[in-house]
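As given, the protein sequences belong to chains A and B, one line each in that order. 1 is the number of the first residue of the first sequence in the numbering used here; add one for each residue after it. 1 is the number of the first residue of the second sequence in the numbering used here; add one for each residue after it.
These are calculated hints, taken from the structure and not from any lab test. Incorrect hints may appear among the rest.
Stated by the list, open to error - Below, in silico cross-link-like pairs of lysine to any residue (SDA-like), each with a Cα-Cα straight-line distance of 25 Å or less:
no., chain 1, residue 1, chain 2, residue 2
1, A, Lys1, B, Arg95
2, A, Lys42, B, Leu22
3, A, Lys105, B, Glu79
4, B, Lys71, B, Pro83
5, A, Lys105, B, Met19
6, A, Lys105, B, Asp62
7, A, Lys42, A, Lys1
8, B, Lys71, B, Ser84
9, A, Lys68, A, Pro8
10, A, Lys105, B, Lys71
11, A, Lys68, B, Thr103
12, A, Lys1, B, Lys9
13, B, Lys9, A, Thr45
14, A, Lys42, A, Ser85
15, A, Lys68, A, Thr87
16, A, Lys1, B, Arg96
17, A, Lys42, A, Ser96
18, A, Lys42, B, Met19
19, B, Lys9, A, Ser96
20, A, Lys1, A, Ser85
21, B, Lys14, B, Glu79
22, A, Lys1, B, Leu45
23, B, Lys57, B, Ser67
24, B, Lys9, B, Asn73
25, B, Lys71, A, Ser69
26, A, Lys68, A, Lys42
27, A, Lys42, B, Ala24
28, A, Lys105, B, Ser84
29, A, Lys42, B, Thr7
30, B, Lys70, B, Ala24
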Amino acid sequence: KQEVTQIPAALSVPEGENLVLNCSFTDSAIYNLQWFRQDPGKGLTSLLLIQSSQREQTSGRLNASLDKSSGRSTLYIAASQPGDSATYLCAVRPNSGYSTLTFGKGTMLLVSP
Amino acid sequence: NAGVTQTPKFRVLKTGQSMTLLCAQDMNHEYMYWYRQDPGMGLRLIHYSVGEGTTAKGEVPDGYNVSRLKKQNFLLGLESAAPSQTSVYFCASTRRLGAPPNTGELFFGEGSRLTVL
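When you get a sec, could you build the whole thing from the sequences and use the hints?
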């Protein structure tokens, strides 16, 4: 059974810092890995999607990497801003079966001005 | 571009009442999912569907029923609501593997906040 772990569970940084959020998974037979952002009381917004054949994806100040063989993905946020404060979740989709995704429990990020 | 739409967004029920949550997607997605999200528990899959007329149980299906009579709609029903079903419910959809164009990206609705008294 696939397990997804996100470390740390919470992170507090001052504005302007570069930071890394981690996501690890136990089964490397994945179709893709997706990073989401969730603001308090809101739904999940897709940030980046990495296919299993890709090593990284970038969007603005965000960069997500994937090392399938080691079961790891990182989300790098450059020059953090208070508006980046949210919970970040990763999810992996298997490459077979009926594609029930497995989610991590998220990292709650607080960026202080 | 509506994406995934959930109705209602908020609902308060008394124990024993029934209700239905509606999820509608306009992206022609084959797969649809219902999750619940509770503090400290993360997202847990309730039921899912891989196509019109099909449903399957997820991780926490007890107390819920679902139906997918039309490809674009996925309904989640509570026949006799219990306080333990107080939660935020999310619907999501994606294309099936191998269906072009297919990035496998998962799209979520805004959520439905349910309180059972």
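Hint by hint, here is what the structure shows:
1. A:Lys1 - B:Arg95: holds, 22 Å
2. A:Lys42 - B:Leu22: holds, 18 Å
3. A:Lys105 - B:Glu79: With a Cα-Cα distance of about 29 Å, the restraint between A:Lys105 and B:Glu79 is violated, given a limit of 25 Å.
4. B:Lys71 - B:Pro83: The hint is violated at about 31 Å.
5. A:Lys105 - B:Met19: Answer violated: A:Lys105 to B:Met19 is near 28 Å, above 25 Å.
6. A:Lys105 - B:Asp62: holds, 22 Å
7. A:Lys42 - A:Lys1: violated, 29 Å
8. B:Lys71 - B:Ser84: Distance of about 30 Å is beyond 25 Å: violated.
9. A:Lys68 - A:Pro8: holds, 20 Å
10. A:Lys105 - B:Lys71: violated, 30 Å
11. A:Lys68 - B:Thr103: Given that 25 Å is the threshold and the Cα spacing comes to 17 Å, the pair holds.
12. A:Lys1 - B:Lys9: Roughly 33 Å between the alpha carbons, so the hint for A:Lys1 and B:Lys9 is violated.
13. B:Lys9 - A:Thr45: Roughly 17 Å between the alpha carbons, so the hint for B:Lys9 and A:Thr45 holds.
14. A:Lys42 - A:Ser85: holds, 13 Å
15. A:Lys68 - A:Thr87: Holds, because 23 Å separates the two Cα atoms, which is no more than 25 Å.
16. A:Lys1 - B:Arg96: holds, 21 Å
17. A:Lys42 - A:Ser96: With Cα atoms ~30 Å apart, A:Lys42 and A:Ser96 exceed 25 Å; violated.
18. A:Lys42 - B:Met19: Holds - the C-alpha atoms of B:Met19 and A:Lys42 are around 22 Å apart, at most 25 Å.
19. B:Lys9 - A:Ser96: Violated, at about 33 Å.
20. A:Lys1 - A:Ser85: violated, 31 Å
21. B:Lys14 - B:Glu79: holds, 12 Å
22. A:Lys1 - B:Leu45: holds, 14 Å
23. B:Lys57 - B:Ser67: holds, 12 Å
24. B:Lys9 - B:Asn73: Holds. B:Lys9 to B:Asn73 sits at ~16 Å (cutoff 25 Å).
25. B:Lys71 - A:Ser69: violated, 36 Å
26. A:Lys68 - A:Lys42: Not OK: A:Lys68 and A:Lys42 at ~30 Å, beyond 25 Å, violated.
27. A:Lys42 - B:Ala24: Holds, at about 18 Å.
28. A:Lys105 - B:Ser84: Given that 25 Å is the threshold and the Cα spacing comes to 20 Å, the pair holds.
29. A:Lys42 - B:Thr7: Since the Cα atoms of A:Lys42 and B:Thr7 sit roughly 14 Å apart, the hinted pair holds (cutoff 25 Å).
30. B:Lys70 - B:Ala24: The hint holds at about 10 Å.
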